[in-house]
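**Q** The primary structure of each chain is shown beneath.
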Amino acid sequence: MKSAKSNGYIGQAIKRVEDPRLMQGRATFVDDLRLPGMLHAAVLRSPHAHATILGLKTEAAKALPGVTDVFTGAEINQACGLVPCSASMPDLKAPKHTVLAGDRVYFVGHPVAIVVAASPSIARDALDLIEVDYDPLPAVANPEKALEKESPLTHPDHGTNVAFTWLLANGDVDGLFAQADRVIKQRIVHQRLTPMAIEPRGCVASFHAGEGSLTLWTSTQIPHLVRTLLPGMIGVAENKLRIVTPEVGGGFGSKLNLYVEEAMCSHLAMRLGAPVKWIEGRRENAMATIHGRDQIGEYELAVKNDGTVLAIKARTIADLGSYLQLLTPTIPTLTGLMISGCYKLKAVRFELTGVYTNKMATDAYRGAGRPEATYALERLMDLAAAELGLDPVKMRLKNFPKPGEFPFHTVTGLAYDSGNYQRALKKAQDLASWDALLEQRDAARQAGRLFGIGLSTYVEICGLGPSKIMAAGGWEWGCVRIEISGKVTAITGTTPHGQGQETSFAQIVGDRLGVPMDDIVVLRGDTASAHFGRDTYGSRATVLGGTALLMSVDKIIAKAKILAGALLGASAKKIDFRGGKFWVKGKPKNALDWKRLAQEAYVAKNLPANFEPGLEASSFFEPKNCTYPFGTHIVAAEVERETGDVTIVKYVAVDDCGPQVNPLLVEGQLQGGIAHSLGQVLFERTVYDGDGQLLTGEFTDYSMPRARDIPEYVIGSTVTPSPSNPLGIKGVGEAGTIGANPAIANAVMDALAPLGIRHVDLPLLPEKLWRAIEEKTAELRKKKPRSQS
Amino acid sequence: MIPAAFDYLRPQTLEEAVNLLVQHGETAKLLAGGHSLIPALKLRLAQPKTVIDIGRIADLSYIREEDGRIAVGAMTTHRAIEASALLEEKCPLLPEVARHVGDVQVRNRGTLGGSLVHADPAADWPAAILALNAEVVTVGPKGPRVIAAKIFFIDLFQTALRPDEILREIRVPVTAKSVAYVKTVQRASGFAIAGVAVVVKAAAKTVSVGITGVAAKAYRATAVETKLAGQPLSAENIAAAAARAANRIEPLGDIHASAEYRAHLARLNTRRALGVAASRA
Amino acid sequence: MKTSVNIRVNGTLRTHDVEPRVLLVHFLRDLCGLTGTHVGCETTLCGACTVLLNGQAVKACTILAVQADGGEVTTIEGLASNGRLHPVQEAFWECHGLQCGFCTPGMILASVELLQHNPQPSREEIAHAIDGNLCRCTGYSHIIDAVQCAAKKMAQPGEAK
Amino acid sequence: MIIEGTHSIAAAPAHVFDRLMEPAVLQQAIPGCDKLEKTGEDEYVAHLKLGIGSIKGSYSGKVSLSDRQPPHKFTLHMEGKGGPGFVKGTSAIELTADGRATKLHYSANVQVGGLIAAVGSRMIEAAAKKLAGEFFHKFGAIVADAGKQAR
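Protein chains in written order, with my numbering: chain G, 1 to 789; chain H, 1 to 281; chain E, 1 to 161; chain X, 1 to 151.
One or more hints might be untrue.
Straight-line distance between alpha carbons at most 30 Å, and here's what the computed DSS-like set of lysine-lysine pairs gives [to be verified]:
| no. | chain 1 | residue 1 | chain 2 | residue 2 |
| --- | --- | --- | --- | --- |
| 1 | X | K35 | G | K62 |
| 2 | H | K49 | X | K49 |
| 3 | X | K103 | H | K49 |
| 4 | H | K227 | H | K150 |
| 5 | G | K96 | G | K304 |
| 6 | G | K768 | X | K103 |
| 7 | E | K152 | G | K650 |
| 8 | G | K57 | X | K73 |
| 9 | X | K129 | H | K142 |
| 10 | G | K585 | G | K555 |
| 11 | G | K304 | G | K240 |
| 12 | X | K62 | E | K2 |
| 13 | H | K49 | X | K88 |
| 14 | X | K129 | H | K150 |
| 15 | G | K650 | E | K153 |
| 16 | G | K185 | G | K240 |
| 17 | X | K88 | G | K145 |
| 18 | H | K49 | G | K57 |
| 19 | X | K73 | X | K38 |
| 20 | G | K62 | X | K129 |
| 21 | G | K585 | G | K624 |
| 22 | G | K62 | H | K49 |
| 23 | H | K205 | H | K227 |
| 24 | G | K487 | G | K394 |
| 25 | X | K49 | G | K62 |
| 26 | G | K145 | G | K559 |
| 27 | X | K62 | X | K38 |
| 28 | X | K62 | H | K49 |
| 29 | G | K62 | E | K153 |
| 30 | X | K49 | G | K768 |
| 31 | X | K129 | X | K103 |
| 32 | G | K587 | G | K559 |
| 33 | H | K49 | X | K130 |
| 34 | X | K130 | H | K150 |
Since the hints were made in silico from the structure, they are not lab data.
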């Protein structure tokens with residue numbers, strides 16, 4: 001650990017400036033806000049997956065002392081407008097997404113009424129007094145069943161449960177499949193997951209009647225996008241709207257959305273003339289905050305006997321749930337874009353059908369479409385290697401583009417800007433002591449144990465992204481200000497919520513300015529100070545937000561050189577700058593520091609002609625391309641024969657996210673990301689029963705990793721800078737999740753391979769593995785009755 | 001997250017508590033450590049009119065040796081049991097099971113008596129209480145009553161405790177070290193999918209086996225016990241007996257484990273627990 | 001029917017009239033204004049509300065304020081003394097044991113309790129001690145590092161125990 | 001969710017069948033039923049206070065019968081809703097003579113929703129079986145008692 005005092009901050013494992021307030025209970029999350037006269041909202045939700053609302057009685061609730069008012073869809077939907085979705089497939093059928101249900105509910109958790117009261121407890125009591133007469137309708141929870149002719153319709157007026165179709169096709173797929181020595185086929189299931197940020201959602205809205213301005217504090221990843229989209233719902237002009245995100249207790253994509261409660265609280269704050277707060281409960285979070293994944297794909301990989309992969313085909317169904325949130329239809333298309341992974345495939349056909357079911361909407365959850373691609377492809381690679389009798393490592397190496405082939409144009413139409421997949425794979429093998437690991441597996445197998453090794457070589461699409469591929473701008477904004485005192489304020493348009501950019505951005509800015517980090521404050525998450533921004537998702541914040549700040553710093557330095565030149569009697573070209581000091585070349589003793597220059601810039605008595613006062617600059621960074629981090633994960637796992645329990649014996653992760661601004665934070669992101677995948681592979685799943693009832697509605701039934709589940713990691717890195725931004729950085733927020741998934745699954749499947757088990761769908765629950773083991777063991781016993789001891 | 005409103009009473013003596021229970025009847029709930037009741041209150045699954053807090057009644061939290069048995073006060077926390085040197089020495093199954101209950105925070109507040117009275121079919125304690133042939137001492141308007149563990153658990157969330165009775169004490173025998181608890185945990189909730197508690201009496205050549213999490217109530221695996229009675233605890237004998245651990249039981253199935261897998265785990269964990277206990281003899 | 005409740009919180013006696021249904025976590029957050037104690041679930045499983053009650057780690061969401069009447073509570077706000085971070089806080093900082101920080105107060109207090117009675121815990125023992133605390137950001141590894149680091153700090157002479 | 005069970009009742013099928021059609025008997029036998037009113041041919045409204053341990057709730061709902069084939073079988077439909085959620089089910093009930101007694105077999109397709117489904121999924125099957133068991137136990141007692149008195 002190096003001290004934060006010395007300069008040269010970039011690349012140092014500096015402890016975070018955010019932490020002291022968070023560790024002492026002095027940070028402000030939304031639920032910590034208390035405004036004078038604040039009212040409390042509670043939302044009544046449907047217990048039915050699908051039903052007609054025959055009647056709604058709110059009188060008793062309204063009569064409860066302390067209740068301000070109760071609103072139903074009939075009383076609020078007109079005023080609140082429809083929840084926006086950014087996707088625009090040509091054939092997309094989108095239901096009208098009102099804030100409260102109209103005469104029909106179509107998922108468990110569908111908001112039906114909202115109560116506003118003097119306290120949270122009164123609001124909660126009032127919910128019990130609302131009477132709703134539901135007439136249940138048939139529901140469909142299984143996306144494959146939803147496509148059958150006789151299926152109940154989630155939206156009867158659509159006449160179908162198909163929301164859209166999407167096709168990505170390139171190259172001579174049929175020809176290459178005809179040339180293939182073998183076709184590897186596998187049905188791949190990505191179970192639905194619930195993001196479960198430990199802080200549920202919540203918001204407080206406050207309206208200033210005199211100014212006509214509204215402030216919304218909300219636990220979101222995207223205050224700027226909310227400010228762009230909310231005016232369309234509630235009729236407050238964008239320039240009268242301020243969105244503040246205080247601390248956010250985790251998002252993982254689940255807070256990358258504009259939700260009905262944000263619109264309702266904003267509307268009600270205006271309507272009732274008092275601040276309105278709503279805090280989501282955990283059960284509400286489980287049923288009415290977006291879910292992730294939920295894809296089923298029939299995959300086919302065409303290969304030659306020597307291990308060359310030729311082409312890939314997939315017919316994929318994405319279960320969208322019952323309506324569209326901001327990015328719902330877009331997420332599964334990312335699976336298509338990344339389906340060629342690290343390999344030189346010659347053709348692709350990815351057919352996607354988005355399907356409505358009576359469930360909560362899916363949307364971005366950590367990795368968002370890319371873990372689905374990586375998992376499918378890396379499973380196929382292992383299955384192919386097994387069928388061809390090839391070493392899975394050699395098979396991968398055979399199909400990687402060479403380091404000299406970058407930018408590498410994929411068959412899916414992307415241009416990977418940089419890469420050296422061989423190096424990351426080699427490093428991971430070294431860190432895993434590969435040969436010793438193979439010996440360990442041999443020994444374990446000889447002893448009758450189910451021990452396996454799995455790897456995944458993966459590439460991500462991060463740093464989203466150039467505006468041309470984004471619905472509403474893919475740039476990022478940053479502003480840097482040298483204050484009169486010489487202190488530095490950096491303002492980012494990204495919205496960190498745990499990633500630590502108050503620290504890493506101070507490192508970037510401090511490094512370039514030559515200013516101690518202690519003198520820098522990074523502001524984020526308030527549209528009043530961060531005038532522009534496209535926020536935090538898709539591993540973009542450091543890549544784009546960091547670059548926007550760096551550009552601003554460079555503008556200030558250029559300006560300061562002019563000022564320094566004027567003060568020192570030289571032209572700007574003759575001014576040297578280093579370590580926070582400006583001097584005329586060759587005369588370092590007579591140097592000016594930022595403090596002095598700031599005073600001059602703002603007191604403005606000695607400015608050169610045509611020199612604007614002040615030392616502030618802002619910048620929009622528009623990237624030319626996304627970034628493409630990559631890496632290799634290697635996992636050794638053992639399966640207990642009698643229970644199906646999985647133990648991770650070894651975990652090695654090598655990620656190449658380019659130069660690391662703060663390796664400590666990089667490691668934290670990787671470990672956190674891996675934990676999400678560990679959960680998905682081994683036990684996490686959102687379960688609806690056949691009637692659309694949510695059975696994992698609380699932490700009592702939704703299994704997430706706890707400390708006891710976590711292996712000790714060996715984490716390494718390689719550094720292949722991205723040419724797409726001046727720092728060469730690539731983003732790391734989702735790498736763990738994207739890389740881990742197939743590595744763990746492949747290890748478990750390798751452990752079971754000696755029994756002849758080919759594939760088990762995620763999650764690899766003990767019972768599933770036990771059943772597979774029992775079945776195969778029984779078969780083996782039949783075949784050779786005497787070999788069993 | 002916010003319970004429905006209720007009246008709160010805090011008796012100082014057991015007698016007072018029994019009187020309040022008689023007075024308020026079915027509309028009242030007793031509050032011990034609160035780690036079964038309060039979660040139900042918060043979800044409004046339980047909405048009693050009155051909550052009678054027995055947490056301030058003196059001398060309900062103790063672990064002491066009396067007449068060759070160990071008496072554990074109903075309000076003794078899981079943590080106190082986990083940490084008890086007396087139990088470690090004289091009845092080590094209780095501390096071993098305590099370590100499996102909930103998490104540290106839950107163990108610091110939750111009580112043995114509260115858990116037993118709640119009779120969750122997947123709670124850990126019933127397995128141990130059954131395997132130990134414990135006795136449950138209650139007090140009611142008609143005075144104290146002693147109930148044998150094997151007739152205490154009646155059904156899902158249902159015990160032999162009468163509505164006007166309060167559980168006061170649990171009495172367990174002094175045992176050797178040859179005990180064990182083997183549990184497959186429902187990883188989300190921490191409850192048991194299959195928890196098997198075993199007491200091996202080497203001298204008498206008998207074993208007793210209590211199983212929780214598998215059926216609608218915890219049960220004694222009598223078929224296992226009968227098979228092993230008088231037999232040496234060889235691996236073969238244990239395996240043969242453990243195979244009967246789910247005989248004549250209707251195992252539960254849910255999203256975490258099917259009935260078939262639960263029955264398998266009952267048998268497997270019985271075999272393993274017997275093996276561990278035998279190795280400690 | 002409100003009841004008067006007296007709880008010594010971080011050394012200061014707090015007296016409030018509360019409905020019996022008020023949970024300790026709401027007493028602390030809403031009546032004492034100590035919002036460092038968080039609510040992450042409603043089923044006693046996430047541990048974000050962990051505080052020390054009479055020295056023991058407990059989940060403040062599963063205790064009625066009336067039950068804690070007469071007790072002593074330490075919340076995350078009361079852990080640092082005289083402006084000096086507790087060694088567990090120091091260690092969480094150094095080891096990057098927190099990201100969003102929402103679970104952190106509970107995680108730290110559960111760790112403090114562990115180190116009170118087990119000054120040199122193994123990784124397994126730490127995992128066992130924080131089994132009642134969910135973290136969705138860190139993946140726990142750095143948290144376990146932090147608790148071991150805190151144990152080392154606290155073993156040094158002159159450190160607060 | 002399918003729940004099945006078999007109970008033995010000490011009376012002949014014809015008698016059992018008839019008694020199952022009597023609202024007063026049903027009300028006595030249905031756990032926690034404090035109201036059962038006939039609203040039409042084979043249709044009733046019911047009010048129940050059900051408690052399993054500390055988990056208690058009030059439910060109101062409808063009960064109806066169909067597919068009546070005395071004394072062999074009938075189908076029972078019920079739906080109820082209350083604070084903790086809703087229950088909807090259809091049960092085929094078959095009676096067969098077993099000596100002087102009746103073997104009653106039920107096979108119910110039960111749908112449970114709302115809070116109980118979200119937080120109580122592990123309990124639902126056991127709870128439903130328990131309640132069905134209580135019903136038939138009580139019903140059996142009523143029928144047998146009446147039989148004794150008649151003799």
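**Q** Are the hints correct? Go through all of them and say.
**A** Evaluated hints:
Between X:K35 and G:K62 the CA atoms are separated by roughly 29 Å; this keeps the pair inside 30 Å, and the hint holds. Distance check on the hinted pair: H:K49 and X:K49 sit about 15 Å apart at the alpha-carbon level, within 30 Å; holds. Distance restraint check for X:K103 and H:K49: the Cα-Cα separation of roughly 42 Å exceeds the 30 Å cut-off, and the hinted pair is therefore not satisfied. Distance check on the hinted pair: H:K227 and H:K150 sit about 19 Å apart at the alpha-carbon level, within 30 Å; holds.
With a CA separation close to 49 Å, the supplied pair G:K96 and G:K304 exceeds the 30 Å bound. With a C-alpha separation of about 37 Å, the suggested pair G:K768 and X:K103 falls outside the 30 Å cut-off, and the hint is violated. Proximity of E:K152 to G:K650 is assessed by CA-CA distance (about 26 Å); at most 30 Å being required, the pair is judged to hold. A C-alpha spacing of about 40 Å is found between G:K57 and X:K73, which places the hinted pair above 30 Å, so the restraint is violated.
A threshold of 30 Å between alpha carbons decides the hint, and for X:K129 with H:K142 the separation of about 33 Å lies outside it, so the pair is violated. With a C-alpha separation of about 20 Å, the suggested pairing of G:K585 with G:K555 holds against the 30 Å cut-off. Note on G:K304 and G:K240: the hinted pairing is violated, with a Cα-Cα distance of about 62 Å set against a maximum of 30 Å. Restraint check: the Cα-Cα separation between X:K62 and E:K2 comes to about 40 Å, which exceeds 30 Å; the hinted pair is violated.
For the hint linking H:K49 to X:K88, the alpha-carbon distance of about 28 Å falls within 30 Å, and the restraint holds. With a CA separation close to 22 Å, the supplied pair X:K129 and H:K150 stays within the 30 Å bound. Restraint check for G:K650 and E:K153: the C-alpha separation of about 29 Å stays at or below 30 Å, so the hint holds. At roughly 55 Å between alpha-carbon atoms, G:K185 and G:K240 are farther apart than 30 Å, so this suggested pair is violated.
Proposed proximity of X:K88 and G:K145 is supported: the alpha carbons are some 22 Å apart, at most 30 Å. Between the alpha carbons of H:K49 and G:K57 the distance comes to roughly 25 Å, so the proposed pair stays at or under 30 Å and holds. Distance restraint check for X:K73 and X:K38: the Cα-Cα separation of roughly 21 Å lies within the 30 Å cut-off, and the hinted pair is therefore satisfied. Restraint check: the Cα-Cα separation between G:K62 and X:K129 comes to about 39 Å, which exceeds 30 Å; the hinted pair is violated.
Taking the CA atoms of G:K585 and G:K624, the gap is about 35 Å. The hint is violated against a cut of 30 Å. This hinted pair checks out: G:K62 and H:K49 have alpha carbons roughly 23 Å apart, not beyond 30 Å. Proximity of H:K205 to H:K227 is assessed by CA-CA distance (about 11 Å); at most 30 Å being required, the pair is judged to hold. Distance hint between G:K487 and G:K394 is unfulfilled; the C-alpha atoms sit about 55 Å from each other, more than 30 Å.
The suggested pairing of X:K49 with G:K62 holds, with an alpha-carbon distance near 26 Å, which does not exceed 30 Å. Simply put, G:K145 and G:K559 have alpha-carbon atoms about 64 Å apart, too far for the 30 Å limit, and the pair is violated. With a C-alpha separation of about 10 Å, the suggested pairing of X:K62 with X:K38 holds against the 30 Å cut-off. The straight-line distance between the Cα atoms of X:K62 and H:K49 is roughly 28 Å, inside the 30 Å bound, and the hint therefore holds.
Proposed proximity of G:K62 and E:K153 is contradicted: the alpha carbons are some 57 Å apart, above 30 Å. Our distance criterion of 30 Å between C-alpha atoms is broken by X:K49 and G:K768, whose separation comes to about 39 Å. The straight-line distance between the Cα atoms of X:K129 and X:K103 is roughly 17 Å, inside the 30 Å bound, and the hint therefore holds. For the given pair, G:K587 sits about 20 Å from G:K559 by alpha-carbon distance, which is consistent with the 30 Å threshold.
A threshold of 30 Å between alpha carbons decides the hint, and for H:K49 with X:K130 the separation of about 25 Å falls inside it, so the pair holds. Taken as a hint, the X:K130 and H:K150 pair is honoured in the structure, with Cα atoms around 19 Å apart against an allowance of 30 Å.
Violated hints, in rising order: 3, 5, 6, 8, 9, 11, 12, 16, 20, 21, 24, 26, 29 and 30; the structure is consistent with all others.
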